[in-house]
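Asks: Residue strings, one per chain:
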Amino acid sequence: MDWLFFFEITLAGLGTGGLYALTAIAFVLIYKATRVINLAIGEMLMVGAYLFFGAAVGWALPWWLAIILALLGGGALGMVLERGVIRPLLGENPISVFMVTIGLGSILIGMVELIWTANPRSLPNFFPTDPIFIGEAFLAPKTFWSFVVAAVVIAVFLLLFRFWRGGVALRATASDQGAAYSMGINVPAVYSLAWGLAGVIAAGAGILLGSIGGISSDMGLFGLTVLVVVIVGGLDSVLGALLAGLLIGWMESMAGVYLGGEYEHLVTFILLMVVLLFRPWGLFGTREIERL
Amino acid sequence: MHILSVDGLTLSFGGVHALRGVDMQVAKGSITAVIGPNGAGKTSLFNSISGFYRPQEGRVVFQGEDITRLRPPHRAALGIGRTFQNIALFRGMTVLDNVKLGAHVRMRTGLLSALWYLGKARREEAEIRKQIEREVFDFLEIDHIRRHPVANLPYGLQKRVELARALAMRPKLLMLDEPVAGMNREEKEDMARFILDVKEQWDTTVLMVEHDMGMVMDISDQVYVLNFGQLIAAGKPSEVQANPEVIKAYLGSGDIHSLRQRLGGKTRAA
Amino acid sequence: MRIGSPKESYIADEALFRTRTQWVWLWLLLAVLIAYPFVANLYWLFLVCLISINIISATGLNILTGYTGQVSLGQAAFMGVGAYTVAWLDNNTGSPFFINLLAGAGMATLVGLIAGLPSLRVKGLYLAIATIGASFILQFIFINWESVTRGTRGINIEPPSVLGVTLDNPDTFYWLVMPIMVVMVLLAANLFRTRIGRAFIAIRDRDISASVLGINLPFYKLMSFGIASFYAGIAGGLYAYFFGAINPESFPLLMSIFFLAAIIVGGMGTILGSILGAIFMTLTPEILRYGVDILSPYIDNAPQILSPLRTAVFGALIVGFLLFEPHGLAEIWRRVRRFFHLWPFRT
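Which chain is which? The protein sequence lines are A, B and C, in order.
The working numbering puts the first residue of the first sequence at 1, with every later residue one more than the last.
The working numbering puts the first residue of the second sequence at 1001, with every later residue one more than the last.
The working numbering puts the first residue of the third sequence at 2001, with every later residue one more than the last.
Incorrect hints may appear among the rest.
[Said to hold, decoys possible] With beta-carbon atoms standing in for the labels, derived distance ranges:
#1 C:2290 <-> A:91: 31 to 41 Å
#2 C:2106 <-> B:1116: 34 to 44 Å
#3 B:1071 <-> C:2099: 46 to 56 Å
#4 C:2031 <-> A:58: 51 to 61 Å
#5 C:2032 <-> A:94: 36 to 46 Å
[As the list claims (entries may be wrong)] Under the rule of at most 35 Å between Cα atoms (straight-line distance), these lysine-lysine pairs were calculated in the DSBU-like manner:
#6 C:2007 <-> B:1130
#7 C:2123 <-> B:1172
#8 B:1199 <-> C:2007
[To be verified] Covered by chain C, per the in silico footprint, the following chain B stretches (three or more residues, Cβ under 8 Å):
#9 1015 to 1028
#10 1048 to 1060
#11 1079 to 1088
#12 1115 to 1122
#13 1169 to 1179
Rather than coming from a laboratory, the hints here were simulated on the basis of the structure.
Backbone N, C-alpha and C fix where the C-beta goes; we use that ideal spot for every residue, glycine too.
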């Protein structure tokens, strides 16, 4: 076995895994705060990427300004979705809310295709292009830098989550909504905040993902893999999302190289089925106790 | 002759003991009540008998058969019917369908017959309908609401429909979890009458959890008292009532609601 | 205004259609269905055939999702299993079409049962995700099991023939698909008059209580999966015969969302809902196409906006109905009917 090659593939896989982890954080954020399984997370990511494309290519803005606009746009989208569609359904059957997010995903795809057509596009490159070597192993610079950015964003997010007032309110709401409300935490504002932040994170992940592999209206499928990531990690576990993200990124990269590209997603979904059958609450998730 | 006996049942969730070595015998054809302050483990005991909880230790024996390892549906099929504390009707169905569902374990229609609704399925549906109309609806006086969706019924009627559903099974042992909780005096008296009639006419043994001491003292043959998951007294209503342990349990728990009910019950029984 | 309709036997009171008015309407509907091919043109016959296939599949999904409460995003993939089985048999054995159709449904049932296995461990949302996983794995098989599915090139299927008549056109195919659809819908309606249907609803409403009352949850959940995928298999087989060619693109995840949308829009947990939903959702793209045609002189590249518009409208219908009319068209229909029952009095 060629260990250098193996190592390079592992690095590439961890690079994708970082993006999975980043998007998974957005997903878990929404889930923890509002108990909504947001199947439209992939589409929110796609919209973010297209907003960046629209600003950077359509309006020919400098890339840093385009990124800021796209992130703000993604955050606004998250808040609008929460306020307009999710909040009226709070307290309803969680399955209805889940299906609403499927509908939202479909709407977002349709809108993006209406505005930018369904053709794939490529994003302007804003990463340094010098080749990256870790030891002797070569790593594509885009992959490297997007991993670095994802890692930094995740770290900042974790710090916010722990120390910032809003982060504390988020965690309080996640652990007991009623108690949080009675302690004077503005729960509806927390909901908005969670969806807004998740929108920003998803948009950022979309820009990173799009700058590596280009963008298209079906890049929301990325969200399905993220869904697998959060299930494997355990829906309400941030740590689980991070580790499962890296694990699945690595697995896909291995399967892609050693089995063939078409096996990439197959292994993901087989892993999903195995986890659902044997450990449905995931590696780090909370096991729910059933009540009569 | 005991229809149900529970030997040394121990149930814990994590480190919390819900039941600790509970023994109980239910005589065939009796009305047996389980009482105790809130959180004493009464509903946990019921759920262990139904099979929803798996106790860590102890046995549940029904009609001489050890059912400790059986899954809930199989226990139901043996003839253990029950109602639930927080009314567990199927909200998407009419009263009639809810009650028919209670008869599920007595019916045999298979998939093919059900799809074509010929022969067996048709006969069995008509037969069960006849039985329900005669035995249950007339008895519980709910024939006028048979086509109503259960979701819109008033609380008292919902409780009655739940009893109807349990009766449709023709249970050998009927377990009632707080059958008169939240009812007014008139509804309570109706329900007490129904329970006595069930015992007399249906040849059914009744096991109930109830907070209303007046009713417990009036209609039960045997009373078990639980506190903190342990059995602290058992006997005839009058014996239990005089038991100092029991009085202490209710006073000591600071459970004002139960205390008040208990005192109310005492004056009524006296 | 209509008033009570007394019955003399419990069998009469347990009937599917209990009033004379209902029977009159039923016979009228049947007459319309029989007369339809003689008055409609090929385009409208094509649409009705497609609607019928979709009704069958939607009815199956409604049994599983609407009645049993197990959300599935695998209905299109199960249709694919039925379609590929039919196509393979058609190309390799030359067995008669109704054998192929049943074999396709049987194969879909088998796959559906396997895909339903996670329902024994997980419920609700987890299950929905498991069915997404199952449909991805099936999609992978459709693409990569070349010796059977011919990969992305797809398979062609000869039109079926009955008594020497080749059903290669909507006007002849109608006589195959319409009766099958009517029978499948009636079978589903019957199911919910029996203990099995009640067990399904009980599982949806309160699964744990149902289990304590004697419903064997694993058994009935799997049965529901089996029935839903049997319906999908029949629909998929008919789809293969109707279009004469299938490929892995024929049964995308979007199609499963289409069926989910159909039962949400029509009304979950009602037979009528599956019918109305399938009609509505099949006609929506046609109406959109018509609208875009009208607008085409005024906007650039009108044909290109059709597909995205359809995607967005499907999504909007799901969201809109869940927000504003969660019981779907069937509920609207019920309200209209009640209005006329009580007419001229108002409630």
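Asks: All hints are to be evaluated individually against the structure, with a verdict given for each.
Replies: Evaluated hints:
1. C:2290 <-> A:91: 31 to 41 Å: Between residue 2290 (chain C) and residue 91 (chain A), where Cβ atoms are some 39 Å apart, the hint holds.
2. C:2106 <-> B:1116: 34 to 44 Å: 18 Å, violated
3. B:1071 <-> C:2099: 46 to 56 Å: 39 Å, violated
4. C:2031 <-> A:58: 51 to 61 Å: The hinted range 51 to 61 Å holds for residue 2031 (chain C) and residue 58 (chain A), with Cβ atoms some 58 Å apart.
5. C:2032 <-> A:94: 36 to 46 Å: 41 Å, holds
6. C:2007 <-> B:1130: Holds: residue 2007 (chain C) and residue 1130 (chain B) sit about 13 Å apart, inside 35 Å.
7. C:2123 <-> B:1172: Holds, at about 32 Å.
8. B:1199 <-> C:2007: 33 Å, holds
9. 1015 to 1028: violated (count 0)
10. 1048 to 1060: holds (count 3)
11. 1079 to 1088: holds (count 4)
12. 1115 to 1122: Result for this restraint: holds, n = 5.
13. 1169 to 1179: violated (count 1)
Checked against the numbered hints given earlier, this structure breaks hints 2, 3, 9 and 13; the rest are met.
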